[in-house]
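**Q** Residue strings, one per chain:
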Amino acid sequence: DTAVSQTPKYLVTQMGNDKSIKCEQNLGHDTMYWYKQDSKKFLKIMFSYNNKELIINETVPNRFSPKSPDKAHLNLHINSLELGDSAVYFCASSQAIGDYEQYFGPGTRLTVT
Amino acid sequence: GNSVTQMEGPVTLSEEAFLTINCTYTATGYPSLFWYVQYPGEGLQLLLKATKADDKGSNKGFEATYRKETTSFHLEKGSVQVSDSAVYFCALSDRGSTLGRLYFGRGTQLTVWP
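These protein sequence lines map, in sequence, to chains A and B. When we follow my numbering, the leftmost residue of the first sequence carries the number 1, and every step to the right adds one. When we follow my numbering, the leftmost residue of the second sequence carries the number 1, and every step to the right adds one.
Please note that a few of the clues may not be correct.
Label pairs and their computed distance ranges (CB to CB) [to be verified]:
#	chain 1	residue 1	chain 2	residue 2	range
1	B	K68	A	T13	45 to 55 angstroms
2	A	K9	B	G9	21 to 31 angstroms
3	A	F42	B	A53	22 to 32 angstroms
4	A	V12	B	T12	25 to 35 angstroms
5	A	Q95	B	T71	23 to 33 angstroms
6	B	F18	A	S80	43 to 53 angstroms
7	A	V12	B	F18	35 to 45 angstroms
Straight-line distance between alpha carbons at most 20 angstroms, and here's what the computed SDA-like set of lysine to any residue pairs gives [as the list claims (entries may be wrong)]:
#	chain 1	residue 1	chain 2	residue 2
8	A	K41	B	V112
9	A	K36	B	V112
10	A	K9	A	D99
11	A	K44	A	T59
Hint data in this document are derived by calculation from the structure and do not stem from the laboratory. Note that the Cβ used here is the ideal one computed from N, Cα and C, for glycine as well.
Generate coordinates for the entire structure from the input sequences, incorporating the hints supplied.
**A** Now the structure itself:
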């Protein structure tokens, strides 16, 4: 009964390819997030959704497109992958927007060669 | 704007040593403050939080006190264990914001040797 799950856990692909990372939460939360963690462990928020509505869209290349088919899922699609996209991507969820604990998934390690 | 500054690591300690990881913040509103921990190969998990000045958050022997006068939220533990080896992130949320985002520090790697 994992709270926030992501697939795949590891993703190795070549430059120029298109890939997706899936995220699901079974906590009944309204809000979901995508973070990117670089090799120095720095965490940067990319997107957040609340009830399937985009709330935060940080300055990320438009090759990155989130999709929320329902409240429990937030997927991340990446087009035309570049070497600099290599990182660990974390999905998270919280009860609602605001002062709530965020629950993180285990991460997806993306390696672009 | 909102930002969090943490002491740079890595921090290396022997078991049972005292731990302090410094965290200071800048906030436009009235933030809540958090410490998250990331164990190797895992996602982040909440360690403790404090929502108003002079509040003390505590969990698993870790403590941090919300100091508004010094804009700080330092993490402390009296006696660390090998199992505490992880990356620790200080974070704040601006409760006045409708975005609900967390602002993270850069993380501090802690390694505890037996």
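**Q** If a hint holds in the structure, say so; if it does not, say that too.
**A** Hints versus structure:
A hinted range of 45 to 55 angstroms holds for the C-beta pair K68 of chain B and T13 of chain A, which are about 47 angstroms apart. About 26 angstroms separates the C-beta atoms of K9 of chain A and G9 of chain B, a value consistent with the hinted range of 21 to 31 angstroms. Taken as a hint, the range 22 to 32 angstroms holds for the pair F42 of chain A and A53 of chain B, whose Cβ atoms sit roughly 28 angstroms apart. The given range of 25 to 35 angstroms is respected by V12 of chain A and T12 of chain B, whose C-beta atoms sit roughly 32 angstroms from each other.
Evaluation of the 23 to 33 angstroms hint for Q95 of chain A and T71 of chain B yields a pass: the beta carbon distance comes to about 27 angstroms. Separation of F18 of chain B from S80 of chain A is about 50 angstroms and conforms to the stated range, judged on CB atoms against 43 to 53 angstroms. Distance hint for V12 of chain A and F18 of chain B: a CB-CB separation of about 42 angstroms, consistent with the stated range 35 to 45 angstroms. A threshold of 20 angstroms between alpha carbons decides the hint, and for K41 of chain A with V112 of chain B the separation of about 19 angstroms falls inside it, so the pair holds.
Only pairs whose Cα atoms come within 20 angstroms are accepted, and K36 of chain A paired with V112 of chain B is rejected, the gap being roughly 27 angstroms. Distance restraint check for K9 of chain A and D99 of chain A: the Cα-Cα separation of roughly 29 angstroms exceeds the 20 angstroms cut-off, and the hinted pair is therefore not satisfied. Annotation: proposed proximity of K44 of chain A to T59 of chain A holds, straight-line Cα distance about 10 angstroms (limit 20 angstroms).
Comparing the model with each numbered hint stated earlier shows that hints 9, 10 do not hold.
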